[in-house]
Structures are given as structure tokens and as C-alpha cells.
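Just so you know, the protein sequences line up as chains U and G, in that order. Residue numbering for the first sequence follows the numbering used here, starting at 1 and increasing by one per position. Residue numbering for the second sequence follows the numbering used here, starting at 1 and increasing by one per position.
The set of hints was computed from the structure by calculation and includes no laboratory data. Among the hints, a few may not be true.
No copy labels: a pair is met if it fits in one copy or bridges any two.
Stated by the list, open to error - Derived pair list, reagent style DSS-like, types lysine-lysine, alpha-carbon separation capped at 25 Å: (1) Lys351 - Lys256; (2) Lys359 - Lys521; (3) Lys307 - Lys47; (4) Lys418 - Lys24; (5) Lys521 - Lys531; (6) Lys418 - Lys6.
Predicted model only: the values in this text are computed from it and were never measured.
2 protein chains.
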Amino acid sequence: MAVEHKDMANAIRALSMDAVEQAKSGHVGLPLGMADVATVLWTRYLKHDPADPYWPDRDRFVLSAGHGSMLIYSLLHLTGYDSVSRDDIRNFRQLGAQTPGHPENFVTPGVETTTGPLGQGIATAVGMAMAERHLNARFGDELVDHKTWVVAGDGCLMEGVSQEAITLAGHMKLNKLIVLFDDNAVTIDGGTDLSDSTDQCARFEAAGWVTKRIDGHNTEEIHEALSWAQDQDKPVMIACRTIIGYGAPTIAGTGKAHGGPYGAEEIAGIRKNIGWDHEPFVVPDDIADAWKREGSHSASQHGDWKKRHEGSAHKDAFDAAMRGDLGDIEAVVRAHKQDVVDSDKDDATRKWSGAVLEKLAVSIPEMVGGSADLSGSNNTKAKCQEPMTPDNWAGRYVHYGVREHGMAAAMNGMALHKGIIPYSGTFLVFADYSRAAIRLGALMGERVIHVMTHDSIGLGEDGPTHQPVEHVASLRAMPNMHVFRPADGVETAECWELALKKTDGPSTIALTRQTVASVRKAHTDENLSAKGGYVLSSGEGNEQVVLIATGSEVEIAVAAQEMLRSSGISARVVSMPCVELFAEQTPAYQEETLGKDLPRIVVEAGVRFGWDRWIGLRGGFVGMDSFGASAPYQDLYERFGITPDAVAEMAHALVN
Amino acid sequence: MAVEHKDMANAIRALSMDAVEQAKSGHVGLPLGMADVATVLWTRYLKHDPADPYWPDRDRFVLSAGHGSMLIYSLLHLTGYDSVSRDDIRNFRQLGAQTPGHPENFVTPGVETTTGPLGQGIATAVGMAMAERHLNARFGDELVDHKTWVVAGDGCLMEGVSQEAITLAGHMKLNKLIVLFDDNAVTIDGGTDLSDSTDQCARFEAAGWVTKRIDGHNTEEIHEALSWAQDQDKPVMIACRTIIGYGAPTIAGTGKAHGGPYGAEEIAGIRKNIGWDHEPFVVPDDIADAWKREGSHSASQHGDWKKRHEGSAHKDAFDAAMRGDLGDIEAVVRAHKQDVVDSDKDDATRKWSGAVLEKLAVSIPEMVGGSADLSGSNNTKAKCQEPMTPDNWAGRYVHYGVREHGMAAAMNGMALHKGIIPYSGTFLVFADYSRAAIRLGALMGERVIHVMTHDSIGLGEDGPTHQPVEHVASLRAMPNMHVFRPADGVETAECWELALKKTDGPSTIALTRQTVASVRKAHTDENLSAKGGYVLSSGEGNEQVVLIATGSEVEIAVAAQEMLRSSGISARVVSMPCVELFAEQTPAYQEETLGKDLPRIVVEAGVRFGWDRWIGLRGGFVGMDSFGASAPYQDLYERFGITPDAVAEMAHALVN
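Chain U extracted, bound-state conformation (with noise of 0.2 Å):
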């Protein structure tokens, strides 16, 4: 007997159920209800080779409604992955199998990003769609041309990151980008009913994509629309009625079916419904061959691929990119920083750092700028960057409008895709709004930089709502970040070029909207921030005290130092660009930096807090203990307190 689509469905449908039970928690009410869409995509429409996750240009798919994880478990098993093996469906959510409770691409080969965090797959799927076309303009059909498929829930659509998501596409024409819409009407709560009423295709259709309503569980709709999807000129929602937890004989379509193990008795239910009869974990042979010789269905699309791309004259510049080569950075970055110390001038780091963009744009064609609607005070855009829209997909700058927070996840999309190494711009304080995303971009360890600029009560007059006294700190807290923050237009340089090698997480980059005095008046080869943190400035004879500050507190350190050396203290200067890549230094070369019983102060405009692992017992801190203010930058450092006379006082009085 022919294996019938039915068949196929059940098998996820089975599967899911299976583990959750097993697990005795997680989420099969989307994987019963999506079961029909996802065996029709993953078998006829999906481009993607179970042999070779990696291939460059197989289309991705997102399910952004990570909670349903066993939905891409089960496919990834049952098309013949090798990342997912029954043991680890048997394992789902336990201690080292590779079916976590949410999709995490780092621990499973054939997921594309990590989900969970609602309206984030949504989000980094527009970023994947972007880098589709930019390096499609860059290296042709030949090379590049595949979809990015969404599956989303009503939770990813309430999400405010969606709207920006959504918009950004709409605006982009991003029409290679399909997001299936699991319309079950049910959250957690209850029915949507209870918390929303929005109509989701105006809605899509207001920000220009086109739509589609479907019944979900209706093959002939689903390969309709799947098939409709592909010829449309704005990006596509297809919004899939479904009942979720399909089959369960008294929770499906309600709030119940969403999570948690249904129980035997419900599970059994489901079984006699769906009309599956076998064991626990057990997919029948037919229908498993069936999986596997539907699901490498563009096995042969992969083949021809492979030969373009031996034969392509672009093969090494497409390799490069996809590896995400800086060239020889190290010179670009020396000789830049040769011509700073030359220009003997003082200016906001923000401009330095545009400077230096300016040479590290032309160098490395893989990075793609933008700004969150602050183009000029970020000073994000290198001149050599055309703005990137849908009539120059080559252009290397996005206007990505006021939205940080869909800013931070298409930049995750891009690193993840590869081929384009993202940074962007926008004020500190609003690292708030994109502050998940940010943090998806470190769980999953990708190369994003995040220039955040006006980064203290040094902004001034737009006061304590702009201002940032806690984002450095909150973002130090964050595992796998480095937050630099330069203290003039060398350490600028040296800055970014640890930031573009940090190839495994995000980086924020702080900076200045004041002009800050340079404080690297002497060249050097040697990038001396890559150690965190180094000795600017030695006291004569035996020191006393050590001065530690970042950014654009370091001139006051420094004149700090001046003040008490004309009273006969003696205080060393310590610039710590990036407290985390101090802190991995040997206990020697911290010693080394910081003095072995020498009291220390510490010098930040923010708050003190995470600073006390570096001031110890016997020291102190010159920094903010409250929000700002709006007043010019001259005032706010006076009325704060922050300045050479409060640290050499109290310099005075810890060495007295």
C-alpha cells in the first residue's frame, strides 16, 4: 500500500507526541497541528539536503515558534539528518542529547537559529532574506537564490519585534521570504479572543506583504499556496488555520493543548484518531523510506549547485565571504592608527570610529552597516556604502528605521546566514529595546558588533532618558559578550579590529558623542586593548595609587594624575578598553596592570556595579550612583561629580 500524506503527517505527529510524553514536558500541540504544512514543505518545496546542512544556498527554515521544537526534530530525523538520531528523540530536553527543549542551532545541525524567545525567529528570518539578496546581487543566481520559510505562532505575531520584523520586510519587498502563519486561535492563556483581536493579514497587508488564508490541515490548499507563494513580488504570509493538539480527543483546539505531557489516556486518544497504531518511537519502514526519499527531494538541485559552483569565476570571493575572511586587518588597522597619532587631533570616539570605518568598510567587502534611524550621530556609514534597498540589493548600508530591536535580529539572521559580517548603530540607552536579541546573538556565539554610541551623561542636554548609567554594566553581566569602550581615536581602531576577530559572539562597541582628548599620543604595532586592559600612564618612582578608567574617563584619570603628581603623588594610569578580555588574562599580567597592594579608583561615568572584582577591599569608585540629567555634558560631569578634582581627593585621602 502507498504511503500516504496522512501517513507522512502522523509520523511527526507520532513522534512528538512520543518524546513530550517521554519528557514528561514540552510543547506538541504546534507539531499535532502544523503536521500537514511541514510534511508538505519539507517534502516538495523545502530546498535542503539532509546530507549537508551546510550548503550554502539551501533555503532556511525558521520556526520561530521555538516552543514546538519536536516539529523540527521530527523532521530533521525523519528526511535523514544525521543531528537528530531516534535516541535523541528518546532524550528530548535531557542533558546532552541534541533536542533541547528549544531548537538551538549550535547543539543541532539543520537549525537554522535558535528560538524560543517569541518573535525572535521571525525577526532573524528577515535578516537571513536580506543576506539572501545582498549576496545575490553579489554573486548571482548562480550562487545564490533560495527562500527563507518562517513558521510562526500567535505569540511570535503579539510580539512587538514582529511588527518591526514585518514592516522592515514589507518595506525591503522581501518577497523570497514566506512565513506560515500557525492560525490556531490559542495561547496559553486561552483563546486569542481573550488578548487580541487584531487581524493579522490587514495587518501584514498594511506593512505590503501579500496574504493567503488556508486550512492547515487541507493538502490541496497547503500546495496551492506553497506554490502560489513562490511567483509573488512582496513577501508572502500564508495564514494556516490549524486545531492545535489535533487529534487529542478533549484538549485539541484549546488552551491545554499548547504544553506539558497530555497523559496516557489522552495520547491514546490521539492515536486512535490520527489512526496510528505503533509502538511508542516507532515509525514503520515504509513510511520511514518514504520520509527519507521525499525529504532529499532537491538532493539533485544540490549536485548541480556543487558544479556551478566549482566552475564559478566567483568561487573564491563567495568562499571567503562565506567563511567571513577580514583580509589582513592587522595593517589596515596599524596604518589607520599611525595616521591618527599623526593628525594629533581630538574628536568623539563616534567619529573615530566612523573614521576607521571608513577604511575598514573598503576593506572588507562582507561588512554591512545601517543604523537605527541615527545614521549621522552614530557615524555608522562608510562612504563607500550605497544604501542597501530592493533596487540595489548590493548596496551595503540598511536604513533600518527606528527599530532596534528587529535592527539586532536581522544583523543575528545575517551572521547566520554568513556572507556578511553586520554591525550597526544606535544610541546606548536604547541597547534596551533590543537587549534579547542581543542576547540570542551571544547564546548562539555569532559575530554581530553593536555600535552604541552617546554611552554616559556625556550626551547632555537630551537627558537622563537618552542617557545611559547602567548599560555597560547590564551588558557586561551578559556571558559571551565583549563591551569595548575606547577611550580615543587609537583605541577606537585597535577596538574594532577585536571586535571584527571576535568570531564567536557580539560585540558592543561605546562610544562617545563628546569630544574626548587623545590619550595614545605615541604610535604602536601592538594592539595594546587586546589585553582588556594595560598601563597608559606610569607614576614616577614609587606609585601610590592606580587610576583605572574606560572611555572617555580615561582624560580624567589622566589629568588626575597630573593634579596629584604636582601635589607628590605618584599614580598610575590603567585604560581598560574591555574589562572581559582582562579578565582573561593571567593573574600575573593583572597583577602586573594593577599594582599588587597599590589602593585602586576607579573612573566610569555608569554605575559602579561589577567594578568591585577590580577596586577590592581598599579603593573607590568615580562613577554615577543614580540616573542622569539634561543639562550641557560640562555641567552633568560637575553636578555628578565626576571629574580630576573628586579623583585626586580621593586619591588623597586613600594614601593618607
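Go by the hints and put chain G onto chain U.
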């Protein structure tokens, strides 16, 4: 000659541009563009009384596009509020003036909420409008019956949080909420067509709003639209097509008109174009008089309201609600604590939170709860609370939907409106989604309670996307935020009391998913958590080490103490449910609690960042230094080494 609309609108324009020129910074594009709409609104429609900015039944006016702050300062000054003098306008953006760069409600009476971070205003206004409907249901039209007006720009509408706000408002049918969209088609980077193609009216309609497009410089159209807006049964959005920088000869209608001083020549050109030949900061008497007169158009309404209020049977209850009284909360919590101790039960702190809420919500009718679609997991709904819906505004529980950011902002709005003490729940990891609104609550000093459950790797199988690791630290870094992490049922009740009593700022209550052992076995009348940290259990004889722990790790410290005792080491256990409160205690109390020269070990299933202040030089930390993983929580505590064994081992090393 009669004063015309044009003259009055021009007074706003003139004060705004003179102030920005004087300050050499600020944003005059919006005041120039929206002066006509604002003049009509404030002289005819807005119910307010310059003599009493705190009249409870005034309309709320929210300038969501906060950078255009000179619009509201001009309006407050011209209509006769004491809060903004001519000198304040001359000293726009200077230290000590009541005219900060962005509107700050805690600086300037008449400003309803602090805005500037885009999208926050509109989202806060939704909470105000919900509070109005709720209090109307409770106290009737005679005491509460007002509108909430919002001026929002393109930037506000591009931010994701605006979508959460708009869809929530549409679902709730908030027909007394009226958004005036400054539809000037320009952002900082240039025309909105650089980054957006959204049909805003269609978008709002998809969310259940009614909309209208008008020429924002045509007074007749403005009047018609504002009249029409009064009688709708849905929230209203009026897209006002305006010219940003109206009147500026060379830059009106361009991105350059958004902000910054325009310069003398451009300003002279505006004066000529709009027909305003008065000296800077001078408003002729006839125009000033007209403003004062028309600005007081609702003074008699206010008088009528006062009479109704005096005669109302609800007067006392209404006043108490507006003050935010807590009744005899100490007695309620004390009795509950006794019940907890008597029950002799172990449970998850989220469940203990639900238990104390059952009593608090009965006792304090102003408490309005909610959850971002996790009611059952957050245990935030008390039995006495019915859902708040358009058909039952008296309900005290909001199904916020999957909208963490919009929820936090709406709570800010409820607290600002007064009459409601808002709290709501989500998972702690999703504090990242709402952080910008949480911060604004801290800056404004509003009593908003964020219940954040599933507060560590202890949530288990959902994995690292859902496991907060750095979140407790990042919230502790925020000024004016109290982070509570109670250890058991007794501490949970104590922390709720402290959060409710913190009337000058928000609190976060971090709670476990997993069951934890009760550590407070004996009843105390005193709220031991009030000092932030206290000796939970002394060692026998001479103590050799202090174990400091929070939340779910307190039981680990207690178990370690027991293990150490059996190997002859005397350890003290300090429970520290609120580090911020502990930091406020006297040095003497701190030393008494932590011991003088004893090594200290902190145990917390989060990052070490921020703890070194209390660990000191001789001590250690048992916690996380990376993201978590997906597995049952017991396996994770083992895997990441957060166990009594690990604590005891570290203590041995420190003591010996």
C-alpha cells in the same frame, strides 16, 4: 484686532524655536509642525485646569514623541501652568530648569509621563486609558470620565512596542484613547520612505481602531476630526499630515528639520514666513491673554467635578485609591506568614507568591494584576480577580497577551494615572523584552511590581533561551529598582509587602519554577527581609565562614552548613532577598550580618557580576558563568556545580 488661531499657534512656534536656538540643541521640527493641532486641542478639547495639574479627572495628554518637548512646555507656559515660567523656557535643557530635553513628569507638573525613548508614550497612554475605564467602572461617571490624548510620531509607530500597545488598545476597545499621529513623513535619516512603507491607517484598523486622515495645518479639518473622535466606540487614530519644521525657508519638510538649532538665518526666515515679528521669547499681551483664557476653558468643569466629588458617596474610597493606600498590609502579611509556617510545606516560590496574592488582592482593591499569557505559570491571578474586558471594566486581571513590553509600559501608565497598583507576570528571562519600560518606571519613580518567575536554570527543560543567568544582575544594576529574590513562602510574603510599600519606584520579584525547601521554620512578626539580608542561621561556636545566598540557593547554603557542621566547620547562613535594601543599611548592621573578618561565599544561580562588593577579597562564588542548558533542573544544578558539596568544598578551601 481679535487674536486668531494663527497667532496662537505661532506663539508655540516662536517659543519653541527661540528656546532651541538659545540652548543650541533640541528638536523644533515637531513643535513647528504640530502647533496647529496642539492649539486646537488645548484650547477647545483637552479637559484640564492649569490651576491644578493633579485634578484626578483631567484628560491625560501624552507627548509620545518626547523630543518635541518644547511643544508641551510652550503649551503649559501659555495656558498658565505655574510649572513652566518664561525663565524655564529661556533655560531650556539647562541644569535646574523645569524644561529638560525630554519631558519628565517628576520635574514638570503638567507633564503626565516621561517620554523620549520612542513608543513608550503611546504604550504608557494605553495603561492610562485602561485605568480610566477601570476606575470609571468602580466610581462612576461623576468621578472618572476623561480622555487620553497622545501625540505620536513616525518613530513611535515604527517601534515594536507601539504594536503591542495598539493591538492591546484595539482589543480592549479603548474608545477614549485618541492618538494624533504627526504624519510628517520625515525621520532623522531622511524621508520615511528610506525605511518604511507602512500604511499606518490600515495597520491601526487591522488592530480594531478607527482612523481618519487630515491636513494638520487646516484648523477646520482639525476641529472636525477632534469632534468626531469624541463619539467613537473604538480607539481613534488621526493621521495629521504636517510639515516638519513648518515655516523654515530651506529645510521645512526635510530630515534636517528634525532637530538641532536651525541657525539665525533660518529662524529669521521662519519669523517672516509665519508672520511673527516679535523679539525672541516675547509673546504679545493680547496673544498671551487669549492663550490663558482659552487654556482655562475647562475650569468650570473642574469646579463642577469638585462639587460632585465633595458630595459623592465614593469620596473616601476614591481618595484612598488615588493615594494608593495599602490598608493594614502588615497584619495581612503577618497572618499569612503564620499560615505558611503552620502549613509546614515546601513549594515553588511562584506558588507561594500566588498564595499571598490571594490575600493581598482581597485586602487591597487597587491591585490590578495580569500576565503576558503565562497566568498559570506566573501564579499571578487571584481568585477574587475577574478578567478586565471591554464588557467588564471592573475586572482586576488583565490578559495582556504575549506583550511583555506593552504590559510593562501599560503598568507605568496605570501607576501614573493613579487609582491602581499594577503588578503583572512573565518569565524573568523576558525582562529583556520589557526593559526599556521597566527602566522608565524606575526613572519616574512609579510603584510597579514585576513578578518574574522561572528565575534561573531551575526552570529546567526549556533550556538556555528561557533560563535567566544575567537578568538578576542586570536588574540590580538599574538605579531605583528593588530586586527581590525570596527563598521560601515566608520571605515571598515579606518581599511582596516590601514591594507594595516601595511607593517611589518599581520592584522585581524573582521567583522559582521549582519547589524549594522552606527555610523560615519559625514565625516572626518582624519582616526580616526588610533589611535586605539577615542571619538566617548562625553557626555553633566560633563561626569560620559565612554563606550568603538568595532565593532557591538558600536551601543549598543551609544544606552546606549542615555538611560543614558534620566535618567540624562552623558556618553562618545569611539570606539576602534584596541586595539593594541590604546596601542601604548601616555599615554596622552590614558587618554584624556578614561577620567581620570571615571568608564569604555567595551562592546564587546567576552570574557573579556585582557580587564582589559583598564577597570581598577572601571569599568565593558558587553560581553560573555561562548560559544554561536544557535538562531537568536537578541535572543542571549538578552540571553547573551549584550544590551543597561545591559550597562545602569551597568553604573547606577557604577555611584551611
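Right, here's what the structure says about each hint:
1. Lys351 - Lys256: Only across copies: Lys351 and Lys256 sit 19 Å apart there, 55 Å inside one copy, limit 25 Å.
2. Lys359 - Lys521: For Lys359 and Lys521, the Cα distance is within 25 Å only inside one copy (21 Å; across copies 66 Å).
3. Lys307 - Lys47: Cα proximity of Lys307 and Lys47: one copy only (17 Å, versus 73 Å across).
4. Lys418 - Lys24: Result: close neither inside a copy nor across copies, 37 Å intra and 44 Å inter.
5. Lys521 - Lys531: Classified as within; 19 Å inside a copy, 50 Å across copies.
6. Lys418 - Lys6: neither (36 Å within a copy, 57 Å between copies)
Violated hints, listed in ascending order, are 4, 6; each of the other numbered hints is respected by the structure.
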